[in-house]
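J.: For the record, the sequence lines run as chains A and B.
Take 1 as the starting number for the first sequence in this note's numbering and just add one per residue.
Take 1 as the starting number for the second sequence in this note's numbering and just add one per residue.
What the hints contain is simulated information worked out from the structure, not anything from laboratory work.
C-beta atoms are modelled at their ideal positions from N, C-alpha and C, and glycine is treated no differently.
Relax, there's no trap hidden among the hints.
Residues from chain A that face chain B, not an exhaustive set, calculated with beta carbons under 8 Å: (1) 179; (2) 183; (3) 184; (4) 186; (5) 191; (6) 199.
Reference listing, derived: stretches of chain B covered by chain A, where coverage requires no fewer than 3 residues with Cβ under 8 Å from a Cβ of chain A: (7) 75-88; (8) 92-105.
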Amino acid sequence: MSSTVPTLSVAPATEPRRVWKRPPSAFILGAIITAGFLLAAIAPGLLAPYDPLAFDYDNLQVGPGAAHWFGTDNFGRDVLSRIIWASRIDIQIALFCTIPPLLIGTAVGSLVGYYGGIADTIFGRIVDLVITFPFIVLVIAIVAVLGPGLVNVYIAVTSVGWVFYARLVRSQVMVLRQADFAAAGQVMGYSAARIIFRHLLPNAMTAVIVYWMTDMALDILLGSSLGYLGLGAQPPTAEWGVLVSDGKNFMDTAWWMTVFPGAAIVVCGTGLSLLGDGVADLLAVRR
Amino acid sequence: MRAPLLLLRGLQTTLATDNGALTVVDGVDLDVREGEILGLVGESGSGKSMTLRSILRLIRPPGRVSGEILWRGRDLVPLREPEMRAIRGREIGMIFQEPMTALNPVLSVGRQILENLRAHTDLGRTARRNRTVELLDLVGIPAAAQRVNDYPHQFSGGMRQRAMIAIALASNPSLLLADEPTTALDVTIQDQILKLLLRLRETLGMAVILVTHDLGVVAQSCDRVAVMYAGRVAEIGEVSAVFAAPRHAYTLGLLQSVPDARRIRQALRPIGGAPPPPGTVGDRCAFIPRCDFATAACEVRRPPLISIGGGRLAACVHGDRLQQAEWAA
Chain A
1 MSSTVPTLSV APATEPRRVW KRPPSAFILG AIITAGFLLA AIAPGLLAPY
51 DPLAFDYDNL QVGPGAAHWF GTDNFGRDVL SRIIWASRID IQIALFCTIP
101 PLLIGTAVGS LVGYYGGIAD TIFGRIVDLV ITFPFIVLVI AIVAVLGPGL
151 VNVYIAVTSV GWVFYARLVR SQVMVLRQAD FAAAGQVMGY SAARIIFRHL
201 LPNAMTAVIV YWMTDMALDI LLGSSLGYLG LGAQPPTAEW GVLVSDGKNF
251 MDTAWWMTVF PGAAIVVCGT GLSLLGDGVA DLLAVRR
Chain B
1 MRAPLLLLRG LQTTLATDNG ALTVVDGVDL DVREGEILGL VGESGSGKSM
51 TLRSILRLIR PPGRVSGEIL WRGRDLVPLR EPEMRAIRGR EIGMIFQEPM
101 TALNPVLSVG RQILENLRAH TDLGRTARRN RTVELLDLVG IPAAAQRVND
151 YPHQFSGGMR QRAMIAIALA SNPSLLLADE PTTALDVTIQ DQILKLLLRL
201 RETLGMAVIL VTHDLGVVAQ SCDRVAVMYA GRVAEIGEVS AVFAAPRHAY
251 TLGLLQSVPD ARRIRQALRP IGGAPPPPGT VGDRCAFIPR CDFATAACEV
301 RRPPLISIGG GRLAACVHGD RLQQAEWAA
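Okay, chain B solo, but in the shape it has when bound (with noise of 0.2 Å):
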């Protein structure tokens, strides 16, 4: 097994809002190996994205984040802001989800792979140059040289992400955050985006943690997924044997909701109610008002995130029941 590079242990991201604070991340244990591409999904509010930001500790206060984030064995939490600009970007990257508004309109693209080089390299000047245009090449922007100058607007969607792809990368980090970095994206340049990351992983060794909603995406590009319920985690394991078997009743109500493109004119089998509104959950299951399997056992606390082998780990009191009725339903 490769050795963890991130160990996320409960953590716990709060926000202050006018109705007072609000638990958006609610212990989330997650670990990311050295080279793995590890899927995070979840409903809309689930904690994916705030799971992300906390990570580089982007939470403005008074939001707080507590509980440990090892990086290489070195806790986060406690770093002071200019320590942590020296991780952000020079050892973890983070890309976007709209890559049209993530760019900056008025700076050209080159420029803007520039100023990482110079944050976080030493590199001279020529050189800089050099990488930049190499950076470009590597993300797949064709006649990478010309277009060093060209201004954001001057690129199509898919390029503006691989264009904030290649400034991700300028100080080759070792962890990719990738927020729904295909979202705003057709399928075509999805699937295109998404080889691309994995062409990086191979080649550069580095490790990627893909927020997304999409279970598809998830199938083709993740080696671990790891599924997000109301700020918690509800199960991680290997990407096939979670699809295969879910061990989590929200994991499989995500796969049952999935149309299957062999069968025309089927009902959406959509996971009935709203997830609960943050910090409303208390000591039980996140899950329960949607649960079909839901019994007393669920109410008396927390399901904790346990072991139950082949490397997985759920948070369901019911693991075992799920599999018998999976296919029955």
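The following block holds chain A by itself, in its conformation from the complex (with noise of 0.2 Å):
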């Protein structure tokens, strides 16, 4: 009996194991237009043609033309490289007012989606709580408490935020903690803090990961709102709301103001949100 090795009479599959499927032309789409503005906020001083706080006085409000791609503003800065230094400081406000909402919504939502009980109860309330409010309404109640400013914008977001994920990543966890590898985890006598983390939580991520690339481009555009409202980045920075806030006075003078930043506000929200389709679009086909 121990002699008779039972080995399935498969032939070991040589062919290569991950076949790439061609992304999708969205993803493609939302990578290039992300990764430019990434580029844009990584290193603005090599894309930036001129310095974007430099005044000029002989070269008032001229409209766009090969000097200055985008025109100048009412003081002469080039609004070209206003834009592409404002990127530096709309990509930070897209990772810092999503990337803590994220990681405290994941940990809270994964603990009260595997424990349930009375924390569940009582986060139930909370989100009711918070989502009675239209998101931004509360956020600029928020912000408005604190003081304008950046990194009240982050305190804010965060504040309100986290839930969203917390939600999201709670009832992918209530669902998993039924599959049978999550029982199995069990039996292996592995913690619960291994089993929610290690086990389960690769398998909620998807839905989490797609949500956070909208969240960023809504995040941008709630950004620019605060800007545009003076309650976010303060106007000596360069940020894309704020230009247009800047511009609006000028409208009928110099559109290029406030028309290339907003499209640069609305072509980075696209591309954000692109690349979000695309990667729920590569995520669902792996499964």
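From these two lone chains plus the hints, build me the complex, please.
T.: Set out below in structure tokens:
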């Protein structure tokens, strides 16, 4: 009996394991746009043709042309350079407004989803409380209390935004904890923390990552809106919302001061959304 | 006789439901000896799987496990969760019916074996990697070294069950709880997996509790068999002896319900009726409503599981009458 080694009569697969499917074109376009803005954020000095803060009184509100592709503003500053330097702030907003909520929300969501009980009930009430108010109203209220400025925007967005990640993760973990492999983990004698964070979470992260991409786009929009309202980045700092706000008084004489920063917001937001969609497709294919 | 590894005494498992407490395992006495394969058979809902889960104390509160679970002489029932975790996976392993869902779809198979090694052994990084390949090899995965990084969906059903076994074996458990490990597989793969379990028992000296509702599987692979009905043990004994001369009316019914492959177009002989809902039996034999042999004596009290010689135990008042009736039927 012991000599008969039962092995499967299947030839070992020799062909390449991972067959890379061509990513959807939405993903490619989104990735290119996002990469462009990331590059601008990392090395604005390399891309920007002019110093974004240098006044040039000989070239006030010059329209788009060969010397200044996007024109100049009312102080003669190059709009393109200002937009490029502003990406640094806006990408920072996208990351700082999403990563802390993502981390906090994932941790809280997985714990309440796994353990349920009284913690879950309390969490449910907090969710109800937060989603009763429109997101932006709540954020503006908190920023109004803390005072304007980017750091306070981050605090405000984090204190509200984690709820959405937590809700997402909670529902996923609640389903996953019923899965056989969760029981299997328990049977192997793994600790609850190990089961939650190493075995369940990787299964829940797909939805979180897709939401995160979209959330970044929304937070850029939010950061720009707050900048426009004077609650976010403060005027000497170049930020897209601030640029739009600066330009709005000259809409009839120098449209390029508003249109190009506005376009930057739209393009960057679209890029991130496309990337998010593409990532969702890729992850769906892998399943 | 080999020493008992695991002794269950009066094991009782109660689950809390919306309609009150349900006793799904109702006073089970069982012993598992070092290196033996014990079959646990019975209809769906007879408490086979719940017995396994109770041994590892996997019953979520407010469900409760009471009685005694003596593992190498140490009672597991009062143990705290961290102490229990050191036994789960390390001393007692478990495999499941559906290898498809019991493996984590987003972690590679090798990774899942590594996890167990990390949790239960103090092997170093390279030693763990080597052991992982070794384990996959041991359970008969061809080209193990290349397949460690594969994900469960790249494995076939039989290979997944092998991988599952490899994970459970990672820390050399002395007892493997196998919850219908072959039910989801087709017969040829089923045969391979059973042979694998037999071989592992030989080479690793590991005891196995094999839950199944397939009497053919029991006949092929078990040393002893315990028949369960309505959360109670009806009969235990050597497989050949039990199958040759059942001493509990339920066992007889089960054996008679197996179609005989040598005869064509025979009528199926099912046991009429259905098992009683948990917690409705009371202090009498649970099988009475479906039993051809039932008399007033069965109503008096719950028949105790008593020794009837040859290492066999049965909980039937009419054990003797069965033998005469058996082949007359």
